[in-house]
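*Asks:* For reference, the chains in residue letters:
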Amino acid sequence: MALKQRLSTLRRQAGAQRDTEAGTCAPGTQIAERVRRLRPAVPASAPGTRQGACGSGAPGDAARRDARLAERLDGEVLAPGVILIEHRVALEGRHGARALRTLDDSPSDLPEAAGRSESEWIFVDTETTGLSGGSGTAVFMVGLARVQDNALVVRQYVLSAFAGEAAMLAAAGDWLGGRAVLVSYNGKSFDVPLLAARCRLAGIADPFSRRAHLDLLHPTRRAFARIWDDCRLSTVERRLLDFRRLNDLPGSEAPAAWLAFVQRGNDRLLPEVARHNHWDLVSLAALLPALAEVHADPGAWGADVAGVARAHRQRGDEERARALLGAHRDRLDDAGLRELARLQRRAGAWSEACALWEELASRGCVESRMHLAKYHEHVRRDPRAALAYCTDTSCDAALQRRRRLEDKLQRRSGQRDWFD
Amino acid sequence: MATPAAQMPRAGSPPDLDSESHSDPDPIARLADQLKAKYRGRITGELITPARPGRYAPLPPGLDPRLCAALAARGVDRLFSHQAQAWEAVSAGRHTVVVTPTASGKTLCYNLPVLQAALNGQAKALYLFPTKALAQDQVAEILELNRAGELGVRAYTFDGDTPGDARKAVRTRGDIVVSNPDMLHQGILPHHTKWAQFFENLRYVVIDEMHTYRGVFGSHVANVLRRLRRVCRFYGADPVFILCSATIANPAELASALIGEEVAAVTESGAPQGAKHLLLWNPPVINPDLGIRASARSQTTRIARMSVKRGLKTILFAQTRLMVEVLTKYLKDVFDKDPRKPARVAAYRGGYLPTERRATEQKLRAGSLDCVISTSALELGVDIGALDVCVLNGYPGTIAGTWQRLGRAGRRQRPALGVLVASSQPLDQYIVRNPDFFLGASPEHARIDPDQLLILLDHVRCAAFELPFREGERFGGESLDDMLGYLEEEGVVHREGERWHWTADSYPANAVSLRSVAEGNFVVVDIGEGAQTVVAEVDYTSAPMTIYEGAIYMVQASPYQVEQLDWDGRKAFVRRTRADYYTDAIDYTRLKILEAFERSASGEADNRAQSAHGEVHLVRRIPGYKKIRYYTHENIGYGNINLPDQEMHTTALWWQLAPETLAAAFSSRQEALDGFLGTAYALHHVAALESMSEPQDLGRAVGDGDAQWFATVGANGRGQMRRLDGTELDPEAEGRFRPAVFLYDNYPGGVGLSAPLFESRAAIVRGARALVEACECRCGCPACVGPILASDEVRGYSPKAAAVQVLSLLQGDGA
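From first to last, the protein sequence lines are chains A and B. Here the first sequence is numbered in this note's numbering, starting from 1 and rising by one per residue. Here the second sequence is numbered in this note's numbering, starting from 1 and rising by one per residue.
A portion of the hints provided could be inaccurate.
[Said to hold, decoys possible] With a straight-line Cα cutoff of 25 angstroms, these simulated SDA-like cross-link-like pairs (lysine to any residue) come out:
id, chain 1, residue 1, chain 2, residue 2
1, B, K332, B, Q319
2, B, K341, B, R305
3, A, K188, B, K194
4, B, K194, A, L246
5, B, K168, A, L131
6, A, K188, B, R305
7, B, K194, A, A170
8, B, K627, B, N287
9, B, K36, B, Q564
10, B, K194, A, P207
11, A, K374, A, Q410
12, B, K592, A, R36
Keep in mind that the hints were calculated from the coordinates and are not lab data. Remember, predicted model here, so these are calculated numbers, not experimental data.
This is chain A alone, in the form it adopts within the complex (with noise of 0.2 angstroms):
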């Protein structure tokens, strides 16, 4: 209470002292103008205009915004505060340059994509309310697509009120089904992670972890990072599908979209961000087959061979990732030379190898002529011819392994000697 009296006490003081706004009587002005007192430094931020239109109220207020925004958005009101979207679009059309129909082909060629199908493929991209992550950051749109009779099936689940959100989150997660793969760009580290945070919250059992993933951000970077300026999701849709977006809302204007919605009840921009997300979800949807391609065949794509090939090697299929580096021996760079020449030696094609080491070493590269010293004496059985490879005073290990040629030549001829 002394804290009241005191407080009042000092505006009338300030107030009477200086030309604050002494008038103004809105609830946590108060705060506000004690606020404005202390803080000097910041430039006094104008007051907002609070407009309270939506949020509070009766139920029936609830029911009417619901009704609105899912007229404007050509939906249906789901439950209290969740909107439903769906669209269906046909394997037949295109998207850019491609035909979804080829989601039908085996992905087999993506090494993370092997042995599904495409009917547990479901495709997820949300938008939120930030991308700086953490529990303040809340999703406003849970975007989900799969193949359904002959068609991509796009569902949007967008909140019309932060109420929604357990029944939003829970009924997105009932059509996921239990088989579902999601397949997401930057999902694992972004979007899931936040759904997984937001059922935490909402208390609802969380349907989106623990689940199989497939982010095709890792493939397109592999194939594409070195290669690219950048690997955004629009670069990829312009260089791979040929797919441009005519008047589409950037994804870093979303939050303020829905923002303005829940805060001043102005839904203007939120059917363009269900828009940009529908656009999205197919391009998700076109890019999976498109993948798939760069990795049959990085070469025809402008891909990173050795990044491709690395990926098929590290699933285990060797073969094939000596044979993309063997095809493009012309396009690799040092690195990608040093691991043809490995996946040749381990192949046994050891005049292949050491063409590569010779070439490499003619450069300077030290690894190389100790692969070849290594050949030369285990290999050809020649101490002497490896001895020459050994001649870089400035690597340890070729110190040692010259000190330890020399010894065993010096034993040699010793024998030599003895039994000459």
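Using the hints, position chain B against chain A.
*Replies:* Chain B only, in chain A's frame:
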């Protein structure tokens, strides 16, 4: 174990000394006697605490057998009484604070209940230490106990150094997570859903070194703990808090302010203690006119030399890394002349590699070093074994910190000698003349103000991000509705039904530093050597006083000069310099009393002194700065400063004297003015001690309290009356002359220092008077009333006497 003397005969020492350290029952007492005999005049106080036997209690009956076995393996078969008391309180589910000296086994106070709970179920614990280094030590200690008993309890540190791929394991598998308040604030709470499992099972929160959470930092930490408890409630957990603190005057009060609940205090240590002998040492005055004393450094090296020569293991504490290096060099020149022999002297400080530090710790424990010179890095936690003598080069700033450092000598129940060597700083001088501070109850009150408006608002913001606020929820002492209303106007939260949701695309914790109040810290950028390196951060409030163009700014005791200040960009560009002077901003602070919350009993009517605390508005202008030569304090030049005026609403306490009283007590108003300025100087330092704050946390001012005039010390060392625009006024020509002396919280909105200072104003005035009266200078010096540039003759009176006069009049305020 062989004594050091036997291991290493020394050429330099008298022949009888080696045998002495074998046979003499108490070489430490002999050193003390010798110091006293030889330097009687320098020793201002002596304190002997006799050895005290330990008080023990059996291991608690319910203790897990595995834990008993682990303790037995480490040689523990009973507890000290305070450990048993802590166990009892914690077992009863009470929040508990343990206040015990260094090396009294306080870690067992919290490790026992935590390990017991971890063994008996899923119970998890969160440990918070103020620094990362301490956290590492603590994990090592738990792991040792863990190994000894094969307990299988998993303890991990979680801080900025924890690699990304290890974080998940810490969150999901750690039984004990050791972190710090900043990490909790920015890394854990905003991501609490990832920690759900941990929070659901969180049984204990351990807060060690509690006394470091005071002032602004403590006020923030209290709010971080409010957020922690709020998140815990969300997961259905209500952990018990176990806090540990060095000795301060109000541990239970601080603990309870920090966690917002009643806290049981365990304050009697049952650990055995060797005899302790403390000498307070004041370097001799070498220039009585200016009050200049011999350097503390010269005294410290002298004492250390005597001590090491007698075969005593010696530790030196210095305030800065630079001083550590200087002392190390001097002592190495004496003891490590022969490079073929193993080093006897080593330095230990932050900035050395961890491996280097571990090696030094190892040598200390093994007894193979004779002398170590350290910063506060060794003050806390780190085990270095038994040492005999501890010399403090300068007062560490708090009595609690002094005891923590002195505790380094005499561990394991051996007798010990501590020597506190005062520098010429006023606080040092005050402390060293008051042995009572070390004898009686601690005078240091750690204060926090968790409801400081700006700090609270910052954390309401962070908390709203973490979980939606619900109608009727409480957070702090202000109206939460008003706070949330303010944040809604800002557009960062949105009310829907009974909940307030976070609706901004931002991560508020990243914008909140736990160590400042104002926003917009300045960074100090070193532009020497081509590159631009950030070397320090200065908070907004103190920027105008410290990093104006031309200022000498000290970083780790090395001087830098500010070449350019980008006010809007919040950057100061500096370059290393070798200047032999420091700079002192000329500070025109005009202060207006807005409201007195409380006044001393006596009124204006009887012409006695009046004191009060309340809210003030101050405007500060920094028109220029003085260049002052080190040691002599002579003024060697001026510079202009062109900065915007600073405004601040804050809390203050002040004293006033009636004009009639002043007229009767002083022959001139000028004399009274000088008396007030000297009084402000002395009060400021004594108050900083009482409130355990840094001198810069408090501000001081002399003026009319009505924004008409203020007083400063002019170039001639005399007080001047001025208006804010710089116009000098003639005191004698003014009408009513009623100066006031102010101490204020030097942060917008205050940090809760003034009100408690008002409560203890009698002690502060008494202390200030004692400080000035006991000073050995003739008419004032930097150690009592501030630098006095004009001599007595010029002035016609002594500013020191004037200050004593003012202080004696202030003592009559009826407090």
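*Asks:* Does each hint hold? Answer for all of them.
*Replies:* Status of each hint after checking the structure:
{"no.": "1", "hint": "K332(B) with Q319(B)", "verdict": "holds (19 angstroms)"}
{"no.": "2", "hint": "K341(B) with R305(B)", "verdict": "holds (18 angstroms)"}
{"no.": "3", "hint": "K188(A) with K194(B)", "verdict": "holds (14 angstroms)"}
{"no.": "4", "hint": "K194(B) with L246(A)", "verdict": "violated (38 angstroms)"}
{"no.": "5", "hint": "K168(B) with L131(A)", "verdict": "holds (21 angstroms)"}
{"no.": "6", "hint": "K188(A) with R305(B)", "verdict": "violated (64 angstroms)"}
{"no.": "7", "hint": "K194(B) with A170(A)", "verdict": "holds (20 angstroms)"}
{"no.": "8", "hint": "K627(B) with N287(B)", "verdict": "holds (21 angstroms)"}
{"no.": "9", "hint": "K36(B) with Q564(B)", "verdict": "violated (52 angstroms)"}
{"no.": "10", "hint": "K194(B) with P207(A)", "verdict": "holds (16 angstroms)"}
{"no.": "11", "hint": "K374(A) with Q410(A)", "verdict": "holds (18 angstroms)"}
{"no.": "12", "hint": "K592(B) with R36(A)", "verdict": "holds (19 angstroms)"}
When held up to the earlier numbered hints, the structure conflicts with 4, 6, 9 and fits the remainder.
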